[in-house]
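Trainee: Between the sequences and the hints, there should be enough to build the whole structure, so can you do that?
Protein chains: 2
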Amino acid sequence: MAVSFPHPRRLSRPVHLGPVVIGGGGPIVVQSMCSTDTRDIAATTAQIAALAEAGCEVVRVAVPDAQAAEALPAIVRASPIPVVADIHFDHRLALASLRAGVHGLRLNPGNIRDPDQVRAVVRAAQERGVPIRIGVNAGSLPPLEGEPGRPPTLKEVQASLPKRMVQAALGHIRILEELDFHDIVVSVKAFDVPTTVAANRLLARQIPYPLHIGITEAGLPWAGTIRSAVGLGILLFEGLGDTIRVSLTGDPVEEVRVAYEILRALNLRRRGPTLVSCPTCGRTEVDLVRLAEEVERRLQGLPASITVAVMGCVVNGPGEARLADYGIAGGRGRGVVFRHGEIVATVPEEKLVETLLAEIRRDFPDLDRPRSAPAGPA
Amino acid sequence: MAVSFPHPRRLSRPVHLGPVVIGGGGPIVVQSMCSTDTRDIAATTAQIAALAEAGCEVVRVAVPDAQAAEALPAIVRASPIPVVADIHFDHRLALASLRAGVHGLRLNPGNIRDPDQVRAVVRAAQERGVPIRIGVNAGSLPPLEGEPGRPPTLKEVQASLPKRMVQAALGHIRILEELDFHDIVVSVKAFDVPTTVAANRLLARQIPYPLHIGITEAGLPWAGTIRSAVGLGILLFEGLGDTIRVSLTGDPVEEVRVAYEILRALNLRRRGPTLVSCPTCGRTEVDLVRLAEEVERRLQGLPASITVAVMGCVVNGPGEARLADYGIAGGRGRGVVFRHGEIVATVPEEKLVETLLAEIRRDFPDLDRPRSAPAGPA
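If you're matching them up, the sequences are chains A and B in order. First residue of the first sequence? That's 1 in the numbering used here, and the numbers climb one at a time after it. First residue of the second sequence? That's 1 in the numbering used here, and the numbers climb one at a time after it.
Some clues are possibly wrong.
One copy or two, either will do: identical chains are not told apart, so a pair holds if it fits within one copy or between any two.
In silico SDA-like pairs for lysine to any residue, Cα to Cα no more than 20 Å straight-line [to be verified]: (1) Lys155 - Glu342; (2) Lys155 - Arg269; (3) Lys155 - His340; (4) Lys351 - Pro318; (5) Lys155 - Arg270; (6) Lys163 - Leu202; (7) Lys155 - Gly341; (8) Lys155 - Ile343; (9) Lys155 - Ser305; (10) Lys163 - Gln206; (11) Lys155 - Leu268; (12) Lys155 - Arg322.
Since the hints were made in silico from the structure, they are not lab data.
Mentor: Right, here's the structure in full:
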């Protein structure tokens, strides 16, 4: 059901994290961050495996101290996906992470005060072909100076954020560019969606580097999912964003699932089947919620990017079922089954799901193969 | 944390549904649709009460037959919010709904073939000051004609949708305008987000009427929430949409909750507290998920539109906590509490939530009053 995307994607300079390319017009890369204690190698490795299985393509781990850095070689060895070390302030942790073989650094060079220390980190990254992601969050900007004699109001602080976030990012970028380092990815994130959109628009016009986008501190999973979908949806629809991270206070595997669903909603990437199903109303004469849930369950893990419509009535049902790859449109205790836009059967309600699945099985004979988890990224 | 909205809202002609105004620059109205059998007055009335309590401001019920129309007077009498009758094809159901006192009709006049019948419905609506919403869904368009000698491809069908949806809507609008009827709300919906956005952009330029926006047949709650947040987020951010309906295959009360959360993400409307909380990482030294969940639970139902930050570390924590109305930033087994941007206390982890709540209670003394359900709309 996709129409061509109305906005061309912003073209950015490609950056390599191991085998994964961010930017340069390639697929939008899905990433997440471990919530484990990095010093706990077993827990971190297990979480990375779960993330990778859910489709995560790059994973970040916090490196707050030397013990965390010491755990990195084992974590990097065990990880099926590139590992990014998240460093703040201490250049020795960055050097240790590079020696450990990480594929990327997240580090704001302006936070390392000594120019010699910055130079040492940048040289080491350069030698290893490791990119640096600069990440500016609204919450970690230097304080805004007010008018002489009075502090700035909260409103002034808020209105100033997009420009100040971008200025901070450009400052960090300049430090790297002056050292002739250009393998850069940049993010400017806020909790506030309009602030985040404004900052990214402003930044995108001024740099050639890929953008990592996200809504930071978005909250607990339910509200955080909606906030991320709104914010990342707007940015992606405008053609901005080369890699995305959904931030939820909870299991990072859920971040990956949400990220793919956002990309799917914009036809940017797909992982497995897309279910079109109506909200039911007083016209519905079949048990639609049960039908939709049953179809979703039976298709779970199918790697094929097909669209399946499960519709409850004769008003919009046949039209939607015809637009989908496969579909059912319920009537009074019975329904019509569609395949590639054509009616292929009319059967009683209790046979609708099996008949639909039989049609899908004609194209995907391994439909019923047991699957432990959702399939890999499309 | 709101910045001023970057896009001005499209100004539309205001339309009145009982006491509720749609368009004209007023707040974006949240609506939903009953999933009950309209003939079941008790079930429908109970669902409308639950929807209204969740903040639903307009409710639609399907009127597929005469028995459903006969149930309407009792439903309308019991409803605390305006009721819209959803009618297809049969003008007698529209006339019966108007006699029953509904506050709005959802009806595509072009589907009633006889001009005299259309005129009778429009006159009756006019006399009662009842607006008509025209609703065009991608799934219920007339078939696209192909080139001579071959049917159109699916790709051609998909690419043609936005223009054909708008043409269909304009056709229905013209019928009403020719009868000097202008209390019109219009929707053009598809499952595909870019199709829906393109259709609404095209339509918005050509009519003065308010837009009802939605992503139709968005699916089961989890995926449907994300798809709706992406699609409605893009439209609302562009300034389009005067009333929104989230369509989920499930409980319509959830549609209302999701609708408010989408509006909140864009600072368009707020219902109660907004929680800013970080995704936790290897730097987190407090049990942040537990803290965030506890704060969310304790604030549930508070009508005040406050922002509360629950942050796990010293990197972004203090900054975000300072930007919020209230906040905590955790450190090693202890944390700092903020109120209106100022540090007010440093306490051990186990006292963080109580100290935060005490600060909120200073401004909202009835914080702990028992509440049965989320507060009314902002």
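Trainee: With reference to the structure, classify each hint as holding or not holding.
Mentor: Hints, one by one, checked against the model:
1. Lys155 - Glu342: between (57 Å within a copy, 15 Å between copies)
2. Lys155 - Arg269: Only across copies: Lys155 and Arg269 sit 18 Å apart there, 38 Å inside one copy, limit 20 Å.
3. Lys155 - His340: Only across copies: Lys155 and His340 sit 12 Å apart there, 54 Å inside one copy, limit 20 Å.
4. Lys351 - Pro318: Within. Shortest intra-copy distance 18 Å satisfies the 20 Å Cα cut-off; inter-copy 58 Å does not.
5. Lys155 - Arg270: between (40 Å within a copy, 18 Å between copies)
6. Lys163 - Leu202: Within one copy only: 8 Å inside a chain, 32 Å across chains, cut-off 20 Å.
7. Lys155 - Gly341: between (54 Å within a copy, 12 Å between copies)
8. Lys155 - Ile343: Only across copies: Lys155 and Ile343 sit 19 Å apart there, 59 Å inside one copy, limit 20 Å.
9. Lys155 - Ser305: between (46 Å within a copy, 16 Å between copies)
10. Lys163 - Gln206: within (12 Å within a copy, 35 Å between copies)
11. Lys155 - Leu268: This pair counts as between: shortest inter-copy Cα distance 17 Å, intra-copy 36 Å.
12. Lys155 - Arg322: between (51 Å within a copy, 13 Å between copies)
Violated hints for the displayed structure: none, as all numbered hints are satisfied.
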